[in-house]
Every structure is written in C-alpha cells, then in structure tokens.
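Colleague: Sequence:
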Amino acid sequence: MGPQQNTHTRSRNISLLGAAISLALAGHVGAQTTETEQASSDDFENITVTARKRTESLFESPTAITSLSDSFMEDANISNLDDVGKYVPNLNVSRYGGGNSAHASIFIRGIGLQDHIITTDPGVGVYVDGVYLGRQMGANLSLPNIASVEVLRGPQGTLYGRNTLGGAVNIITKKPGDESMASVAAKVGTLGRVAADLYINGDINDDVSIAASGSFKKRDGVGKAVNLANPEKEIGEEQEFSGRLSANWNVSNNFSLLFAVDGYDNESGQSPYTIEFTDPSPDPTDIFNGDFALLTPDLIPSDPDDLGTTVPGLESTASAGWGASITANWDINENYATKLITSFRSSDYEGGLDDDASPLNLSEFPETGEADQYSVELQVNGTFDNYDFVSGVYFFNEEGSTESGPWVFSPFNTPGALNNDGTPTGFGGDYGFFDLHQETDAFAIYANASYDVSEKLTVGGGLRYSKDKKDADAVFPSFAERAYRSAEFSEVTWDVNAAYQLDNGLNVYAQVQKGYQTGGFPPRPFGGSDQFVQFDETTSVNYETGLKGKFAENVSLLAAVFITKYDDLALPFSDPTAGGGFVTITENAGKSEAKGIELEATVDVTDNFSLRAAVGFLDAEITQVDENVNGVGVGDSPALTPEWTLMIAPSYYMDLDSGATLAFKADYSFRDEMQGQSVFNPNETIYSRSILGFDINYTSVNGDWSLSLYGENVTDEIYDQGRLQQNGFVGIVRSNDRREFGLRFKKEFEM
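Note that the sequence shown covers residues -31 to -1, 1 to 720 in mature numbering (1 follows the signal peptide of the UniProt record, and there is no 0).
To be clear, the hints were calculated from the coordinates, so they are not data collected in a lab.
It is possible that part of the hints are untrue.
Claimed, not checked - Derived lysine-lysine pairs resembling DSS-like cross-links, with alpha carbons at most 27 Å apart:
hint, residue 1, residue 2
1, LYS308, LYS436
2, LYS716, LYS144
3, LYS144, LYS156
4, LYS144, LYS202
Unchecked claim - So the derived label-pair ranges between C-beta atoms look like this:
hint, residue 1, residue 2, range
5, THR17, GLY497, 51 to 59 Å
6, ALA293, LEU631, 37 to 45 Å
7, LEU678, ASP404, 49 to 57 Å
8, GLU424, THR17, 14 to 22 Å
9, VAL345, SER26, 24 to 32 Å
10, ALA629, LYS534, 50 to 58 Å
It should be emphasised that the depicted structure is a prediction, and the values quoted were computed from it without experimental measurement.
All residues carry an ideal CB built from backbone N, CA and C; glycine is no exception.
Taking the hints into account, I'd like the entire structure generated from these sequences.
Modeller: The structure is reproduced here in structure tokens:
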C-alpha cells in the first residue's frame, strides 16, 4: 500500500468517525427508556473501576480509563493482551520483540518499549490483581475468565510508581465467591483453531471459596521454515496452556486471606518475518555491507510468511512462567483497612530472529532469557464521610538475564576486513554472542487522598517517593572482560486533581500528573565496554481535562484532552564511529511532547440496538535532540504511535418466540500509519490497518448455554507489527491474526 492509498484509507476513516459521532449525538431522538440489560450491559454508567486502588464509578474517577468487561471481551473474541490493543483509544500493542507470541510491546500516548532485554524497562506497567509484571516477555497474557481489563492513560506515578510513564494496564481476575457456577467452553475454527476452557467458582463452606480455571488454545501456522528438514513448528503457529487457582478464606468477620497461583506454557512458531531490500548496491568496503552484499532477493522465500533460516530452533519460540500471591485484608474498623500483597513470579523464554531471513548465516540471534521477581506492598486505606485516602509502602526485587548465541556474521566474514580506523574487525563467528545479567531493587512510599469540598466538588492529590538500585554485568566479544556496573535512581512523583458535577449530572475533571521511567543500561553495547554506561530516568508531566457522564438517557460519553511533556527522554541512536552502523547507544538525549483527544461513547439507539465507539487522536513528536545524537531528529514521531485510533462495536439483540435470544455483534478497529522506530525513515513506515470482526450468538431460554458463529479479521488484513532498517534491507515482523471463522460453545452450571 503506497502513501496515496493510505491517504484514502485515512479519509474513509474520518468519514466513519463522523458517522459514528453523528449516530452517538442523534441516537437519543428515537430511543426509548428501557429496563432491559441487553442493549446497555456495557453502558459506562454501570461500570465500576479499581484503577485508583479504591472502588469507584467510572464516571467519578478523575482520570482517563477504559474498562473492558468480560462479556465485551468474549463477544469481541479478545483472547490476549494484544487483542485489547485494538479497542482502546491511543493504545497500540505489538508482538515485535524476539518474534515471540508471548511478548507484548505496549504503547500508550506515544510511550512504550519495543525491546525486551533484561536491562530495559517498559514505559507502560502491566498489573494482575495489583501485582506488577516486570518483563514484557510473557506480558501478552491469555485472558480467560477475567473480570475486566482497565487501561489507564497518562502517567500513573503516584499509585503505580516506576515505569508507568505512559500509563498502566490493570487486569482483574474473577474472585472466589463472587459467583457460584461452573462453565465449560470450546472453540473450533479455520486455520486449525482449537480452544477449550474450564472454570469453576463457588463456596466450599461458609468461610472458604475457590475459583479455578484452565485453558488450552492452538492454531496452525501461516508459513513454513522452508530450509529446515524437520522444523519444530510452523511459522505463526500458536499453542498455549494456562491455568489459575485462587482461594479466599474469611478467617474472621474482618480478616481474610486470598491465595492465588497461576501459570502458562507457550510453545509457538516464530512470528512471520521477512525482509525488503532498500540498497541494491551496498558499499563492499563496509564490513557489514560486505557481508550483506551476499544477500540477494533470490535467497528470500517467495512467500513472505515463509522463513528461509537454516538455524535449527529459530523457527520456534517458547515461553513459560508461573506466579503466586497472598493478599491479606484486615478491616480495622469502619473507617480504616489494611491490605498486604506478597507475590513471586518466575518466567523464562527461548526465541530470537534470523534477521536476514535467508539460508545464509549472516545475522542470526538465537536468544534465551529468564527473570524472577518478588514484591511486597502494604496499604493503609481510610474512608470517611467526606474524604478517603490510600497509602502504602512497596518493595520490588527482580533478578534476570538475557543471552544470545554466536551465530552472527559466520561463516562469511572476510578475514581482512577493517574497521574505520584501519584495525582488523576481530568480530569472527562469535560477534553476536552476549550475556547480560541484572538485579533490581525498588522501594517506594506513597499516599493519595480525595476530599469532598461539597456535594458537587471533589479535590485530590498524591505524592510518591521512589528509589531504584540496579546492579548489572555484561560480556560482549568487544569487551576485554566482563563489565560490572551499578546505578541508583530516585524520583518524587505527584498528582493533583479536581472533579465537579454539573447540574445536568455530567462530571468534569482536571488533573496534573508527574510520572517517571527508571534509568538503566544499554541493551546491546557491541562497540565496547565504554558504551555500557547508565542512562538516567525519564520524567513526564501530564496536563489533562475531561468530561464524563450521560448526555442523554441513552448516551454515555467519556472525553479527555491532554498535553504531556517528557524530559530527559532516553533515545537509542547509532554510533558510526564504533565500526559500522550496527551499534546503538542509549542516552538521555532529548525531549518530546504528546497532545491529543480521546472520546468513548455508548449509545442505546433502541431497546435492542446499542453502539460502543472510541476514537483517539495523538500528535506526538520529539521537540529537542541534544548534540552528537545521530539518526533521531526534531519532529520525528515516537515508534509504534499512530496518529488516529478508532473502534466501533454495534450490537443488536432479538428476543425469539421461544424465549431464547439471538445477538448480532460486530467490531471494527483502525490504527493509522506509524513509524517502526523513533526516526522518520520512509522504509520504516507501517501503513494503516482496519480489522473487522463479528459474532452471532444464540443463547438458550434459561441462559445456561450459548452457541456463537464468529469471524476475526474477516477481510484478511495483513499488516506489519514492526519494521527495522538495517544495512541494505528492512526487517519486517508481519501480523499473525489472519482471517478466521469458527464456532464457540459455552455451557454454564449452577452450583
């Protein structure tokens, strides 16, 4: 798709946006008040959130939050976190890192992280029942039997702290005792889709409740590893087992213990990957281009979903992990309560990429990694007539490593190749080997409060002190010996907010937030140990105002306008003096700014027809770049950040004469064009994409079983997940969510 075609796509999208807004504003003319829950089950008015570590109405929370319920996710066939990225304004989720389907690069309002090496930290935090997930590898969680997913946009420096510079994703599971039921679900579809899910929740006795779930999903691949005799997996193949067990024990009337353990095992195929040539005549005197000059188009598989690697294992990926937590809740009296959350998580993965996608062993990175983390959080909360507060102390420890095997530039290195200064390259066949290890200790103390000045006006604010200590060591072929580094970072973050309820019931709010992302060490200092030096934390200040409420009896709206300024932005850039353009260094080299608008609406057009829609506009750019920074310029956009995001999901319910219900639902998602890296390069442009799905559901008279015909990506839109310019070619990670049709059955049992 060329630029002109993309312009037409954007024009069509704006037309769709106009139609959606017109429908939202005009829908109340012919609508009638109804007591049925079918067409308004996802009305924002009925949603409560816990994103601010207190239960409150979505309308009353003075921050930008999107909440997706379990019913919405089931109807939209949302099975993991990258599916969530299609339905939230100014959110983009990619599987870019390492080609592993368990990886999630999450970007909110232009802030995120593509990398996954142990010395890097994400800019968006992911939490499961309040427990922070420190690694992006493994963050693309499966979402069976989830109560809701909350996406907080903007810095969350007070309540969530470190590494929530762009926002946070809060995954909330179904709690033991919340319902008394069991269910079994199965799904079959095209592309060899098979999935099954078991769930049970209920009381053992008056004091003990349990909830348990187990799921399996599998799908065939979309390509082959054509040069391997016995490949382990097809390209794009998916297979995962996951499960969760939790138990709640009411020890007394005011004290309870919640135990939870979960795990997953993912063995899938490499994400579809190919290359496009951009330099037909590379400079043969450059050691990198001298090797890549051997790479010609006839060596690349004609089907871009096929992979040409000859390195066994690079056609497959593996990721596994488990976690356990204990949450103690003590209601001291009617005003004060405490909560203690203790957790442990462990994960490991195998993966990597064949960067040249060919039979030649030019640029291969087989990779393994692991991480263990432990955290403790003690909260003291209070609720009174006209004010409430949340306070806490938090400790986090993580230890992990990343190791890459020695398959780069072998066996085609030219022995006589020279660096720019005339010295031998010395890279040999082990140039790609590296071993990184890091241990992180993080401590924080925080408090957040809100005060009702009157029945209509509420003011609030918070303060958090965070301190991080990182000890890292690394060895690369260019290092004389293993290098050891240590660094400490600390920051005070805060927020202030005010909310006012208008006479018509609408809620307006304004807030200013400061957030930060901890500093660290560069992930790939191939040029030498002098490049393995710390970079400092990045900070941000977000100015935001918003409107929430019901514009009419049948129209609910969430709106936010914001501008966020980022200082000491950590930017990776190429160092041409280090023996080629392969080396990247990370420094606090600039500033950036993001400003935009977010709108979400639900409309009950009639008693049986409802519409949910969301649109986001984001203008994000780098506003300052320090001297001696190569490749990144003022005006460049952050990576993987579309200007426009759009979602429309209509639903129509029909009551049959038998008493059963027939539901017709569709969902449309649009992501505008974006850059693969934080630099304008036409070769790295990722063009816009539109994804369309549907779900036709029959629910029995008693509501205890249902059968659905579903379609995902029905137009078979194939798009790029990531694009990275290299010497003479662009490496492209392609999408894996291809067109799929199938049947889904679910049966529920009372307990």
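Colleague: Hint by hint, note whether the structure agrees.
Modeller: Structure-based check of each hint:
1. LYS308 <-> LYS436: holds (22 Å)
2. LYS716 <-> LYS144: Judged against 27 Å, a Cα distance of about 20 Å means the pair holds.
3. LYS144 <-> LYS156: Holds, because 25 Å separates the two Cα atoms, which is no more than 27 Å.
4. LYS144 <-> LYS202: Not OK: LYS144 and LYS202 at ~36 Å, beyond 27 Å, violated.
5. THR17 <-> GLY497: 51 to 59 Å: The hint (51 to 59 Å, Cβ to Cβ) holds, given that THR17 and GLY497 are roughly 54 Å apart.
6. ALA293 <-> LEU631: 37 to 45 Å: Distance hint for ALA293, LEU631 holds at roughly 43 Å.
7. LEU678 <-> ASP404: 49 to 57 Å: holds (50 Å)
8. GLU424 <-> THR17: 14 to 22 Å: Because 20 Å falls inside the window, the suggested range holds.
9. VAL345 <-> SER26: 24 to 32 Å: Cβ of VAL345 to Cβ of SER26: about 30 Å, so the range 24 to 32 Å holds.
10. ALA629 <-> LYS534: 50 to 58 Å: holds (55 Å)
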